[in-house]
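Trainee: Here is what each chain is made of, one letter per residue.
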Amino acid sequence: MFEGWDAVVLARAQFAFTMSFHIIFPAFSIGLASYLAVLEALWLWTGREVYINLFNYWLKIFAVAFGMGVVSGIVMSYQFGTNWSAFSDKTGPVIGPLMAYEVLTAFFLEAGFLGVMLFGLNRVGPRLHFLATLMVAIGTLISAFWILSANSWMQTPAGHAVNADGQFIAADWLKVIFNPSFPYRLVHMVLAAYLTTALVVGAVGAWHLLRDRHLAGPRVMFSMAMWMATLVAPIQIIAGDQHGLNTLEHQPVKIMAMEGHFESHKDGAPLILFGLPNQSAGRVDYAVEVPKLGSLILKHSPDAPMAGLNTVPRENWPPVAIAFWSFRIMVGMGLLMLALGLFSLLMRIQGKLYDSRLLHMFAVAMGPAGFIAVLAGWITTEVGRQPFTVYGLLRTAESASPLAAPAVASSLIAFIIVYFAVFTAGVVYLLRLMAAPPHPGEEGPSHEVPIRSAGITPAAGAVPEGAAR
Amino acid sequence: MIPIDLPTIWAFIIAFAVFVYVVMDGFDLGLGILFPLFSEKRDRDVVMNSVAPVWDGNETWLVLGGGGLMAAFPLAYAVLMPALYTPMIAMLLGLVFRGVAFEFRWRTTAARNRWDIAFFGGSILATLAQGIALGAILQGVHVAGRSYAGGWWDWLTPFSILTGVALVIGYALLGATWLVMKTEGELRDRAYHLSWVLLLAMLGAIAAVSIATPFLHIQYTERWFAWPNVLMTAQVPIAVAVVTALLLRSLANKYDYQPFFLTLALFALSYGGLGISMYPYIVPQSITIWQAAAPANSQLFMLFGVAVLIPLILGYTAWAYWVFRGKVKPESGYH
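So the sequences go chain by chain: A and B. When you number the first sequence by this note's numbering, it's gap-free, plus one each residue, and the end is 491. When you number the second sequence by this note's numbering, it's gap-free, plus one each residue, and the end is 1244.
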């Protein structure tokens, strides 16, 4: 079995599969950890019970999502070696330390304080507990910093040299870490994580408001989530545009693939809205395009010349159709998020934020939009880097482990079966937790001694608060 | 003598990370291995609660071991991971099952047993795979140029099966003595009983691996038995005998804390023995730590981080253990 298969293609499929599963959990937990820190801070500051109820409600969801992120993440840290050993040997001296710093500064911080965050409120008191929550939230952001630095170096390598063994080595660590695409990618990804979480929180709030618009918890979370969508969606679109311009400067071939520009345009490239990229023929079939808009967006001048893939040797072309479509899906999701943000702002101004069923239904429908956008964006940037692992320097075909196809095929099948079984169950449990509304006296994951979270007041003069007012 | 240079320092750092992993995840994997022996839900809840707050931190050391190896000894990582392909994938899948079980088993009542089985199965699979990987490394792998040159079943030998089973016994002993420390009453009595049985099995396993190892390569034989090395290496079995005697005494006297920490000492000695066998090779018989080392500026860059951060990490990890110190009561912890 599988003798005729290409081991490199199988290894790529396995990486793409395990990575896609993994990335949705950190994308959610980065945002959710920050949201939990905000909720706990608001509870400590105002003493309003609704905040600790929401905190405990989302903490249980965080625990499940974080656990799935951890186990799928351990897989990633070993997969570089098992399936991409040539890549590991060559790039280990450069990106290895970045990942080691991720473990040392982020993973340990998250894991070390997670236990206290989940179970320790009664043991350490509110203030130390808040510190633990903050540490977990900061840990998720530090983790994003290092892993995106490593990923960005693969996209826009800088600050390196090559030694006698053919390994990349660092000539200047600051240039390696702060390589040209890193700041843009970091901002774009962290905003994406925040938006993803806001859309989930908003969808859960809206779901419960559709049933009962007077529930205190859902009202608060829905309002907070819609503020995030209103404020962050436009910022994200600007950040994405800047990231695109950066990509045009450093990875022009990726932009050609995303835009479907097979041909060069001397006096202004069109913006192809839709079409079917035909890689073998080197053209986009059935293209629907707006003349000169491509140049206007990417070069800020309608007549600016733009080179196409016909200026690039074919063996250096990425799979155009995938990058083309995943990019459109991401942009489409972004525009829908913008629409949700503006619609909610309009309703808020009119005082109908908690009453507009249309808005609530829209918000529920947008619940998964962040995940779709993150995955599509990730596919765009990773597929757009092909056929290289280190852009322009190390080809994917030269990066793989010397493994026989049956080995990789077997592990791929095992991952598919296990991930679908495990993560389907996890998502069901998450949805089940979300399907119940937060209620007064909501308890966290811990059931220690006789606890009533309402019993611990963060500050003197805490205000007891009912659900419905 | 052992020189003090960057590759040597890093070899000790990686060895330290892997040892901390073995010590910390060892007992919680051991609890998973022992899980079917506790049939009552109440007991299982206590077993689970005794590690729920710390298991994630424990597994982070595994990520440091892997990530650190890639960063400090990329060639060793690049050769060993494909050589250990099947055990590594099996370990990762096992860790997926047992890791999610910590959360999932509380989220369902109907299918609870399914996640209990996942916790057990995942734990034993991951442990077996780690033990097999250890045996496979000791027996050596085929290397050509800068990459692995063997097949994807080379790891499977009687010796690697032996080390796999030995590790399952060892982790189970760690788990049993951990329970002695963390539980009370009837549950603790059963943990004592298990500790006796497992300790005897563990001594058998240590003996079997110790006898088999010198037969793998002449280098191991010389390392252990050549004069004057034997003056130093003989300390290891002597220390094992002393620790074993203390451990037997602590079990007989029904001490709470000593059995766990003495079992850790037994692990440390066995681990030290492995180090004596392997040094200075990181891939036995083929690649030394100097050949595998990343360039000095990579190792130095990380050394700053390690010097500052590892003490900090040990500090707040100790704090987390301190917060959840003491015996676990049936009604406390998770649901």
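Be aware that a few hints might be false.
[Stated by the list, open to error] To give a feel for the contact side, a few chain B residues facing chain A, derived at Cβ under 7 Å:
{"#": "1", "residue": "Gly977"}
{"#": "2", "residue": "Gly1054"}
{"#": "3", "residue": "Ser1056"}
{"#": "4", "residue": "Gly1059"}
{"#": "5", "residue": "Asp1063"}
{"#": "6", "residue": "Pro1067"}
{"#": "7", "residue": "Ile1070"}
{"#": "8", "residue": "Asn1206"}
{"#": "9", "residue": "Leu1209"}
Note that these hints are calculated values from the structure, not bench results. Here a beta-carbon is modelled for each residue, glycine too, at the ideal position from N, C-alpha and C.
Trainee: For a quick check of understanding: which of the numbered hints are violated here, in increasing order?
Mentor: Hints 2, 4, 5, 6, 7, 9 contradicted; others consistent.
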